[in-house]
Amino acid sequence: GAVVSQHPSRVICKSGTSVKIECRSLDFQATTMFWYRQFPKQSLMLMATSNEGSKATYEQGVEKDKFLINHASLTLSTLTVTSAHPEDSSFYICSARDGGSGDEQFFGPGTRLTVL
Amino acid sequence: GQQVMQIPQYQHVQEGEDFTTYCNSSTTLSNIQWYKQRPGGHPVFLIQLVKSGEVKKQKRLTFQFGEAKKNSSLHITATQTTDVGTYFCAGNSSNTGKLIFGQGTTLQVKP
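If you read the protein sequences in the order shown, they are chains A and B. Under this note's numbering, the first residue of the first sequence is numbered 72, with each subsequent residue one higher. Under this note's numbering, the first residue of the second sequence is numbered 176, with each subsequent residue one higher.
Simulated from the structure, these hints should not be mistaken for laboratory data. As the structure is a computational prediction, the values presented were derived from the model and not from experiment. Incorrect hints may have been included.
[Said to hold, decoys possible] Pairs of lysine to any residue, SDA-like flavour, derived with a Cα cap of 20 angstroms:
{"id": "1", "chain 1": "A", "residue 1": "K135", "chain 2": "A", "residue 2": "T120"}
{"id": "2", "chain 1": "B", "residue 1": "K273", "chain 2": "B", "residue 2": "Q223"}
{"id": "3", "chain 1": "A", "residue 1": "K112", "chain 2": "B", "residue 2": "G216"}
{"id": "4", "chain 1": "B", "residue 1": "K273", "chain 2": "A", "residue 2": "I83"}
{"id": "5", "chain 1": "B", "residue 1": "K245", "chain 2": "A", "residue 2": "K137"}
{"id": "6", "chain 1": "A", "residue 1": "K112", "chain 2": "B", "residue 2": "V259"}
{"id": "7", "chain 1": "B", "residue 1": "K211", "chain 2": "A", "residue 2": "K126"}
{"id": "8", "chain 1": "B", "residue 1": "K273", "chain 2": "A", "residue 2": "V186"}
{"id": "9", "chain 1": "A", "residue 1": "K112", "chain 2": "A", "residue 2": "K135"}
{"id": "10", "chain 1": "B", "residue 1": "K273", "chain 2": "A", "residue 2": "T185"}
{"id": "11", "chain 1": "B", "residue 1": "K273", "chain 2": "A", "residue 2": "E175"}
{"id": "12", "chain 1": "A", "residue 1": "K126", "chain 2": "A", "residue 2": "T102"}
{"id": "13", "chain 1": "B", "residue 1": "K273", "chain 2": "A", "residue 2": "T120"}
{"id": "14", "chain 1": "B", "residue 1": "K211", "chain 2": "A", "residue 2": "Q109"}
{"id": "15", "chain 1": "B", "residue 1": "K211", "chain 2": "A", "residue 2": "Q77"}
{"id": "16", "chain 1": "A", "residue 1": "K112", "chain 2": "B", "residue 2": "R213"}
{"id": "17", "chain 1": "B", "residue 1": "K211", "chain 2": "A", "residue 2": "R183"}
{"id": "18", "chain 1": "B", "residue 1": "K211", "chain 2": "A", "residue 2": "S76"}
Let the sequences and hints guide you as you build the complete structure.
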């Protein structure tokens, strides 16, 4: 089945540093990848939609300059949290859609970011 | 904007009891998907419903899509401890194709 990996799985950083999270589709080409944020015991909040070779589409209220998204290839999208602050601490999950198999999204295992 | 509401937020049942979670969208959906997230894990796709009034079954799980394609339900018969987790519905908007997740229903099953 379709597998999506995410790296790192967990990161702790100091306030003010930038953190890059990678999302890879391992056995399929993902024309579209999505980035979600999930606070403890809450739902997934869509942050942005990432299409290969084009600029990401950000949801209302999500700062594009703070959450930089790059979808450089059909198997890789990256999310960079710039100048991270404690309020950015969260669980970040990516998902990928295989253009040929419908609307199902395959989720990565998530990255837990803790900003001190 | 589009909203997807899900109730209840939490449900505690005795093993063997049935469980149902309901999902309601503010707009008509092209399809609805259901995901399960175990504690500490990531959402795992369960099923997608596309047709108005569609009913699909997976063993003890029954999924329904409303006639108006704005609501859906997941029913689990005779719950087991392995059913523990949070169940999310996610609506696929006809306009954008994005998934909008409901708040989720967290199921606890007492053995």
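Right, here's what the structure says about each hint:
1. Using a Cα cut-off of 20 angstroms, the hinted pair A/K135 and A/T120 holds, with the two alpha carbons roughly 11 angstroms apart.
2. Annotation: proposed proximity of B/K273 to B/Q223 holds, straight-line Cα distance about 14 angstroms (limit 20 angstroms).
3. Restraint check for A/K112 and B/G216: satisfied, since their Cα atoms lie roughly 12 angstroms apart, inside the 20 angstroms limit.
4. Using a Cα cut-off of 20 angstroms, the hinted pair B/K273 and A/I83 is violated, with the two alpha carbons roughly 30 angstroms apart.
5. For the hint pairing B/K245 with A/K137, the CA-to-CA distance comes to about 34 angstroms; that exceeds 20 angstroms, so the pair is violated.
6. Straight-line distance between C-alpha atoms of A/K112 and B/V259 comes to about 14 angstroms, which keeps the hinted pair within the 20 angstroms bound.
7. For the hint linking B/K211 to A/K126, the alpha-carbon distance of about 30 angstroms lies beyond 20 angstroms, and the restraint is violated.
8. Only pairs whose Cα atoms come within 20 angstroms are accepted, and B/K273 paired with A/V186 is rejected, the gap being roughly 29 angstroms.
9. About 25 angstroms separates the Cα atoms of A/K112 and A/K135, which puts this hinted pair outside 20 angstroms; it is violated.
10. A C-alpha spacing of about 28 angstroms is found between B/K273 and A/T185, which places the hinted pair above 20 angstroms, so the restraint is violated.
11. Restraint check: the Cα-Cα separation between B/K273 and A/E175 comes to about 11 angstroms, which is no more than 20 angstroms; the hinted pair holds.
12. Straight-line distance between C-alpha atoms of A/K126 and A/T102 comes to about 13 angstroms, which keeps the hinted pair within the 20 angstroms bound.
13. Restraint check: the Cα-Cα separation between B/K273 and A/T120 comes to about 8 angstroms, which is no more than 20 angstroms; the hinted pair holds.
14. Between B/K211 and A/Q109 the CA atoms are separated by roughly 14 angstroms; this keeps the pair inside 20 angstroms, and the hint holds.
15. Among the hinted pairs, B/K211 with A/Q77 is consistent with the structure: their alpha-carbon atoms are about 19 angstroms apart, no more than 20 angstroms.
16. For the proposed pair A/K112 and B/R213, the alpha carbon gap of about 11 angstroms is at most 20 angstroms, so the pair holds.
17. Between B/K211 and A/R183, the direct Cα distance comes to roughly 19 angstroms. Compliance with the 20 angstroms bound is thereby established for this hinted pair.
18. Annotation: proposed proximity of B/K211 to A/S76 holds, straight-line Cα distance about 18 angstroms (limit 20 angstroms).
In the structure shown, a violation is registered for the earlier hints numbered 4, 5, 7, 8, 9, 10, in ascending order.
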